[in-house]
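Using the hints, position chains B and C against chain A.
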Amino acid sequence: MITLNNITKTYGKEKTMAVDDISFSVNKGEIFGLIGPDGAGKSSIFRMLTTLLVPDSGTAVVNGFDVVKDYKQIRNSIGYMPGRFSLYQDLTIEENLNFFATVFNTTVEENYHLIKDIYIQIEPFKNRRAGKLSGGMKQKLALCCALIHKPEVLFLDEPTTGVDVVSRKEFWDMLKNLKKMGLTIMVSTPYMDEAALCDRIALIQLGKILSINTPEKLVAGYGETLYTVTGGNMYQLLNLLRSYAPTESCFAFGDSLHLTLKKGTSKQIATAFLEQQGFNKVIIQETTPGIEDCFIKLLKSN
Amino acid sequence: MNQLFSFIKKEFKHVFRDKKTLLMLFGLPTVQILLFGFALTNEIKNTRVTVLNYAQDNTSSELISKIDNSKYFDVVSYVRSESELEAEFRKGNAKIAVVFPKGLDSDLKHAKNAQIQLIADASDPNSATTITYYLSNIINEYNGLKLMKTPAPMQISAETKMLYNPELKGAPNFVPGVIALVLMLVCTMMSSVSIVKEKELGTMEILLVSPFKPIFIIIAKLMPYLIISIFNLIIILVLSVTLLDLEIKGSIILLMLASTLFIITSLAIGLLISTTAKTQQSAMMISLTGMLLPTLLLTGFMFPIENMPIPLKLLSNIVPSRWFFIIIKNVMLKGLGIGSIWKQLLILFGMCIFLLRLSIKKFKIRLQ
Amino acid sequence: METVISTDKLTKRFGDFIAAHELSFEVGKGEIFGFLGANGAGKTTAMRMLCGLLMPSSGKASVAGFDVYTETEKIKRNIGYMSQKFSLYEDLTVAENIRFYAGIYGLSFSDIKRKTDELLSKLGMQGEAKKLVSALPLGWKQKLAFSVSLVHEPRIVFLDEPTGGVDPVTRRQFWDLIYYAANSGVTVFVTTHYMDEAEYCDRVSIMVDGVIAALDSPGNLKKQMNAPDMEDVFYQLARKAKRSE
Chain A
1 MITLNNITKT YGKEKTMAVD DISFSVNKGE IFGLIGPDGA GKSSIFRMLT TLLVPDSGTA
61 VVNGFDVVKD YKQIRNSIGY MPGRFSLYQD LTIEENLNFF ATVFNTTVEE NYHLIKDIYI
121 QIEPFKNRRA GKLSGGMKQK LALCCALIHK PEVLFLDEPT TGVDVVSRKE FWDMLKNLKK
181 MGLTIMVSTP YMDEAALCDR IALIQLGKIL SINTPEKLVA GYGETLYTVT GGNMYQLLNL
241 LRSYAPTESC FAFGDSLHLT LKKGTSKQIA TAFLEQQGFN KVIIQETTPG IEDCFIKLLK
301 SN
Chain B
303 MNQLFSFIKK EFKHVFRDKK TLLMLFGLPT VQILLFGFAL TNEIKNTRVT VLNYAQDNTS
363 SELISKIDNS KYFDVVSYVR SESELEAEFR KGNAKIAVVF PKGLDSDLKH AKNAQIQLIA
423 DASDPNSATT ITYYLSNIIN EYNGLKLMKT PAPMQISAET KMLYNPELKG APNFVPGVIA
483 LVLMLVCTMM SSVSIVKEKE LGTMEILLVS PFKPIFIIIA KLMPYLIISI FNLIIILVLS
543 VTLLDLEIKG SIILLMLAST LFIITSLAIG LLISTTAKTQ QSAMMISLTG MLLPTLLLTG
603 FMFPIENMPI PLKLLSNIVP SRWFFIIIKN VMLKGLGIGS IWKQLLILFG MCIFLLRLSI
663 KKFKIRLQ
Chain C
671 METVISTDKL TKRFGDFIAA HELSFEVGKG EIFGFLGANG AGKTTAMRML CGLLMPSSGK
731 ASVAGFDVYT ETEKIKRNIG YMSQKFSLYE DLTVAENIRF YAGIYGLSFS DIKRKTDELL
791 SKLGMQGEAK KLVSALPLGW KQKLAFSVSL VHEPRIVFLD EPTGGVDPVT RRQFWDLIYY
851 AANSGVTVFV TTHYMDEAEY CDRVSIMVDG VIAALDSPGN LKKQMNAPDM EDVFYQLARK
911 AKRSE
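These protein sequence lines map, in sequence, to chains A, B and C.
Each residue of the first sequence is one higher than the one before, counting from 1 in the numbering used here.
Each residue of the second sequence is one higher than the one before, counting from 303 in the numbering used here.
Each residue of the third sequence is one higher than the one before, counting from 671 in the numbering used here.
A portion of the hints provided could be inaccurate.
Claimed, not checked - Taking lysine-lysine pairs in the DSS-like style, the calculated list, with each CA pair at most 27 Å apart, reads:
| no. | chain 1 | residue 1 | chain 2 | residue 2 |
| --- | --- | --- | --- | --- |
| 1 | B | 663 | A | 72 |
| 2 | B | 666 | B | 321 |
| 3 | A | 116 | A | 28 |
| 4 | A | 126 | C | 910 |
| 5 | B | 501 | A | 150 |
| 6 | A | 13 | B | 321 |
| 7 | B | 321 | A | 69 |
| 8 | A | 132 | B | 499 |
| 9 | A | 116 | C | 811 |
| 10 | B | 663 | A | 13 |
| 11 | A | 300 | C | 811 |
FYI, nobody ran anything at the bench for these hints, they're computed from the structure.
Looking at chain A on its own, in the form it has when it is part of the complex (with noise of 0.2 Å):
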């Protein structure tokens, strides 16, 4: 459905990187996730496979049409939701609503069903101005004017930052939702943890992909055994263990430290160290590690 051939885009004179010869390829009806921090050129890519930007070099095409030379065709048949909510502030929820399918040539009626689970919920409020909503709603209305044409391909641009827990959840079940009625959509986030809900994922650094592959295989191929150590004083325990000479690396993860030690060292003789050095009630166990332990670990190996 959509495919990447070694793109490529710098800004301005200086010609700073921000995508590096990218190649990848996205299949239909997929939920295709890009996971990397602020700067890591997400937008760019985003931009590109909307025709919006044109890459220094390299081709790509979306729905079986070249990003630069197709771009009308393109235009046509995609849904597109920009990194921050773009919706006119002071149109209401049903204005900015009708606005969207007009200009794309249909109206709320024709395609009232892709978006129907989505707009009841916003719907209550819908003569309320949409500078006046929450970030929730807006991020709701927002997705309801990117799919209101129906389109084949969403793209979706860090569509959960600023979100509290609660919309965040709701939002991928929408997407789940949408994915069983046959759309592609290639979604950034920039939270590890919205990762594993996605169907593959590429990880992105500084315009680089560090991996592409399915949550699960990542999270396989993590290939060091990951512990958690937990009981004590985190700071202090953290502190100790990253002056450890064994230690590979460790990192606050939540309640817990996640801890890596080089080969030849077991959790016992980690534990010894530690009741040694006055902690008497640490727990060092083994656990499977997350998509951001992988993150860290090939943004550490990079």
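For chains B and C alone, kept in the frame of chain A given last:
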């Protein structure tokens, strides 16, 4: 077509929901007219004049009655000496004094030259300049009448600028200027700001990605300002006629057509600005410094172009409002037809086509 | 533990709308206090009242020992503030930014110089001192902004979503700085959308619809709500929210 229509409807909603913009759009022409109109014309009505007449002859009494008959001046007192004159000023009884020298008649006859002294209270320098200017015009006019009667030239008046405004009304001079100014402001500044706002909001990205043709985006964004400008023009004309007693001498249709041409030119400039400006503030800054200042300074509305140094004179040629100013003056004040303004119309039309093509070409169908 | 923030039935109304309703809590010296809430729950309002930017409608509150009604100027001298939308000037260099902020808090010239050097070396940014802030990577900017908010040695620092959008490694490095500051006795009052970060806090309060729905250590909250992690705790509480901004 339906798409375009609903887009334009949306633009009007933006305008009508933003109270500040609305006030600026419709308050601006009214305020400008009232400000220029009343502030400038009322000041010089019934200015108190005192006379020190050493001559006591025909010329002086003719001049005095002429001054007194003008609606700008009232002769309120006659004094007999310089010290009395000074006292009049001090008491605030007079704003300006006319001093006729001894032997005015004979001086004029034999020496072909005579001098009348005007003394003004310059504590308010602006009005002093204006009233002195007005009073000397009355004297010059009298001179002109005399000139026709007598065979030999007596005194030459250099003042010709008042030709089409013989009663020296302030209004006719600035109304064309105000029209140019208001249209420029609304069309150029407001339209560029409204386009850049979509860029800032990020909605421009969605619009560009939609199948809606970019040219329609341009038309839809500019259309409200075209309509509002025409409406503004009507407001200005109605206010000028009703409040300022100004007569529109020429064809209103011609006036409207020429104005529409100017409006489209200004919109094209606004569009051009919006293609380079990244933020609403910068669009506003470019409009103000790049457009408003030249309109004020280089159209001949505040400062006569004839008196400018050559480089500025040349520069004024590329300011669209300079040509528009001439067109309105000719049509509205002089009542001239298309024959007198075809050259200016042609220049403006050329500018309009050029700017439109350039701005549409520069309007990006992509980002960056 | 010494109390540095204490509120008693602190309330803010905007017309009929009660943005924050009878907030009562205490924060101790050196504590990392997580201040969570759904969008529109009233977090920002509460934080503004504590910073002395917004006059409460009723209730009591003292910050660093000063009253929020009458001693806002003194409060401002004793707190630091950093928000996700940067408090740094992009068109000034790193050193200029530090000097500027030190200057507006009235530090003496010698202190400004000492602080600048100290801060640059702590961040390992001596080489970047003369670079424009706009040229720095996002993560560095955030670290710098945090350090700058501490330049006048405040007793409390308010962090409004300080880690939005940065990569996981930088995010953790940022938390190292927070721990370091808390260890040296600075009270850290932080809001975040990352629920794993909520776990790093000593105590967490969760606001829903203008009231504090829960306040305890992350461990206790998870136990009480029978939740595997803070995300679930938050979800259980915020799901019940009725209002949006």
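Outcome of the hint check:
1. B:663 with A:72: holds, 17 Å
2. B:666 with B:321: violated, 30 Å
3. A:116 with A:28: holds, 23 Å
4. A:126 with C:910: The hint holds at about 22 Å.
5. B:501 with A:150: This hinted pair holds, its Cα atoms lying about 24 Å apart.
6. A:13 with B:321: violated, 41 Å
7. B:321 with A:69: The hint is violated at about 43 Å.
8. A:132 with B:499: Given pair residue 132 (chain A), residue 499 (chain B) holds - Cα atoms ~18 Å apart, limit 27 Å.
9. A:116 with C:811: Given pair residue 116 (chain A), residue 811 (chain C) is violated - Cα atoms ~42 Å apart, limit 27 Å.
10. B:663 with A:13: holds, 23 Å
11. A:300 with C:811: Holds, at about 20 Å.
Hint check: violations occur at hints 2, 6, 7, 9; the rest are consistent with the structure.
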